[in-house]
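Participant: Counted from 1, the sequence shown has number 73 at position 73 by this note's numbering; the numbering is strictly sequential.
Take these hints with a grain of salt, some might be off.
[Said to hold, decoys possible] For lysine to any residue, the following SDA-like pairs were computed, each having C-alpha atoms within a straight-line distance of at most 25 Å:
(1) K148 / G182
(2) K266 / I239
(3) K189 / C158
(4) K122 / V174
(5) K148 / K189
(6) K122 / D157
(7) K156 / S145
[Claimed, not checked] FRET-style restraints, in silico, Cβ to Cβ:
(8) E150 / R284: 49 to 57 Å
(9) H234 / D129: 25 to 33 Å
(10) D272 / L29: 18 to 26 Å
(11) T116 / S245: 38 to 46 Å
(12) S89 / G273: 18 to 26 Å
Honestly, the hints are just simulated from the structure, not real lab data.
We put the CB at the ideal spot given by N, CA and C, even for glycine.
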Amino acid sequence: MKCRLFMFLVMVLKIWIVSGQSIDYRNFLNIRIGNRFPAAECIMQDSLGMIWIGTYEGLFCYDGYSTYSHLFKDGKTGNYISCGQVLDSRRLILGADSGIQFYNYLTDTYENPGITFPPNIKAFLVQGDSLWICSLSGLYHYSFSTKKIESIDLFKDCHVRYRVVYSIAENNGVLYLGTYDGLCTYNQKTEKVQFFGLPDNKGSNKLVNFLLFDKIRKVLWVGAESALYQFNVHNGQFIAIEDLSNISVRSMTLDDENNIVIGTDKGLFISDGYHFHHAIHDVRNSFSLAS
1 MKCRLFMFLV MVLKIWIVSG QSIDYRNFLN IRIGNRFPAA ECIMQDSLGM IWIGTYEGLF
61 CYDGYSTYSH LFKDGKTGNY ISCGQVLDSR RLILGADSGI QFYNYLTDTY ENPGITFPPN
121 IKAFLVQGDS LWICSLSGLY HYSFSTKKIE SIDLFKDCHV RYRVVYSIAE NNGVLYLGTY
181 DGLCTYNQKT EKVQFFGLPD NKGSNKLVNF LLFDKIRKVL WVGAESALYQ FNVHNGQFIA
241 IEDLSNISVR SMTLDDENNI VIGTDKGLFI SDGYHFHHAI HDVRNSFSLA S
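Construct the entire structure; sequences and hints are all you get.
Facilitator: Right, here's the structure in full:
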């Protein structure tokens, strides 16, 4: 859980970088979220410049000075927010343990979607009129215009222990999906499903925690338990990244200089695609990344 807090700190750092300056990842602003220090699961910045943080204790905002909670009001809706993004000029879309939530940040209200979404959302992808939803019960497709949702059965022709879809990325009409049994692809046009087992994984856990399609390097980064892989989308080959061997990857993003920023169970790594730098706490620098 700490790695996602690291990613929050990185994203806060990025917001205050003056355009044109190089990012050295030595100085961080460590932000306190709430009273019980919940780990940050996702971060967004709305059209007004406010920063929003999804945590396992609900939604918080950060105005540059302090954090404020914006928790669900009905007492029935779960507070665990695992993913989110800005949907439009007034709303956030959030993936929570209770399902998909729409939060209007102009009125500080959670809107009623008029439909029951599956619970335990792990990730989602907004693609035009489509919302692809990854959950503990599988993959779903929702249409914003028709407000209809359907289940996509990825596992009908294979035997798996769990039907969990944990992460998602997209390129050229193909969805890349992280499951408990490795990487899966779903062609939106042909509806063809293909599974790729993870190589060189010494443990039995094949869970793919996070996916990032890198349009600069034209590869898919696959963050798994105890490994990071580079996946060639053209030939289906994996390359294991030795620098992150036996390290679980939890989150990834590209910064403004197209470096890959990687949140792991052992802290933050930054890479140009070839070399990997580990950002660690320096007791001589009070602005270094917190342990």
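Participant: Could you run down the list of hints and mark each one as holding or not?
Facilitator: Taking the hints in turn, this is what the structure says about them:
no., hint, in the structure
1, K148 / G182, "violated (29 Å)"
2, K266 / I239, "holds (21 Å)"
3, K189 / C158, "holds (21 Å)"
4, K122 / V174, "holds (19 Å)"
5, K148 / K189, "holds (19 Å)"
6, K122 / D157, "holds (23 Å)"
7, K156 / S145, "violated (28 Å)"
8, E150 / R284: 49 to 57 Å, "holds (56 Å)"
9, H234 / D129: 25 to 33 Å, "holds (29 Å)"
10, D272 / L29: 18 to 26 Å, "holds (24 Å)"
11, T116 / S245: 38 to 46 Å, "holds (42 Å)"
12, S89 / G273: 18 to 26 Å, "violated (34 Å)"
In this structure, the earlier hints numbered 1, 7, 12 are contradicted, and the remaining ones agree with it.
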